Structures are given as structure tokens and as C-alpha cells.
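Under the UniProt record's numbering, the first residue of the sequence shown carries the number 1, and numbering increases by one thereafter.
I should point out that these hints are in silico values taken from the structure, not numbers from a laboratory. Among these hints, one or two may not hold up.
[Unchecked claim] Using 16 Å as the maximum straight-line C-alpha spacing, the simulated EDC-like pairs for lysine to aspartate or glutamate come out as follows: (1) Lys73 x Asp85; (2) Lys143 x Asp74; (3) Lys163 x Asp32; (4) Lys45 x Asp122; (5) Lys49 x Glu30; (6) Lys143 x Asp71; (7) Lys73 x Asp122; (8) Lys45 x Glu30; (9) Lys163 x Glu30; (10) Lys163 x Asp96; (11) Lys49 x Glu154; (12) Lys45 x Asp32; (13) Lys143 x Asp158.
[Unchecked claim] Beta-carbon label-pair distances, calculated as ranges: (14) Pro147 x Asp32: 26 to 36 Å; (15) Pro68 x Gly48: 32 to 42 Å; (16) Ser34 x Cys130: 29 to 39 Å; (17) Thr28 x Ser70: 34 to 44 Å; (18) Ala120 x Glu37: 16 to 26 Å; (19) Thr43 x Ile165: 10 to 20 Å; (20) Gly159 x Ala80: 17 to 27 Å; (21) Gly159 x Cys130: 29 to 39 Å; (22) Lys49 x Asp118: 30 to 40 Å.
These numbers come from a predicted model, not from an experiment. Idealized CB from N, CA, C, for every residue including glycine.
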Amino acid sequence: MGAVAAGAAVWPLIDQMNPSADVLALATLEVDVSGVEPGTQLTVKWRGKPVFVRRRTEAEIEAARNTPLSDLKDPIARNANAPADAPATDENRALDESGEWLAMMGVCTHLGCVPLGDGAGDFGGWFCPCHGSHYDTAGRIRKGPAPTNLPVPELAFDGSTIKLINEYKG
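Make a model of the complete structure from these sequences and hints.
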């Protein structure tokens, strides 16, 4: 009985340390992508970090889908919207079935630099000028010191808006 009373007394103190509703609202961002043309990308700032949103061309999608998993340095998708062990296929990294849309954190997984996009690097995707990491058209690490693929954050996509979702689960 004493433990229950102690827990009831301490819980409000612990619960007040959780983020408030206004803080959680700031961690969610809606991005209108209806004006993004195929072959272009935009970068938005979310939770203090860049997020790359790319509308890929058929050639970019084909290049990513034709890459054997055995050619990848990191075989895991790193997609917060998929199972943790999902393979790094293009289908497991794209936002839609067609593969046209891609969104991922714009921070190199080596030492945190911001990679250059718009077809940069040896694989037509992104290139980190700090230490030479090359990512393909699906944001998967292909060459250089970066250990993992660019992560896909938790999000929702309805065809014209991407909603980046706060990771805090309470």
C-alpha cells in the first residue's frame, strides 16, 4: 500500500518532465511538395537538421531499383516507417509505390556534414565533401567512410504533403 501511495505522489513530478504540447507541435512539420518538379529537391529544416525531399526521375528510380543489395555497404533500409531490419531496397526507402518521392535526413552518417545533392557523387545521388562519402539515388551509402544509409525519418505522405512526425512516444 505504501509503494502505491509513493508512486501516486511521485508520478506528477516525473510526468511534468515530459515535453509540453507546444514543444511537441514544434517537432512536427508539414511540407507542401506539390510544386516540386521531377529531378529536383528541396531541403527543409526539421528539429534543427536538414531533411532532403526529392522527386526522382524515372532514370533515378530505375538506377536505384536495379542496384543489387550485395553492392550496398549498409543492407538495412534505415526507414523509421518500416521494420528495423527491413532490407535497403529502393522500395523500402521511397515514400510511395512508384518510387518517385524520397525524404531523408540530410546529415552524413560519418561525422555529420551536410551532403551535396542534385546528382552529386559517383552514384548520381548525394556526395559529402567533408570526407568523400557517396550516396546513390535512394540515399544509400555506396562508397566512402559513412557507415550507414541516410535515415528516413518518421513521416506521413499523402501525395502532395509530407508530414514529418515527432519521434517522442511518451
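Original post:
Which of the listed hints are broken here?
Top reply: 4, 13, 22
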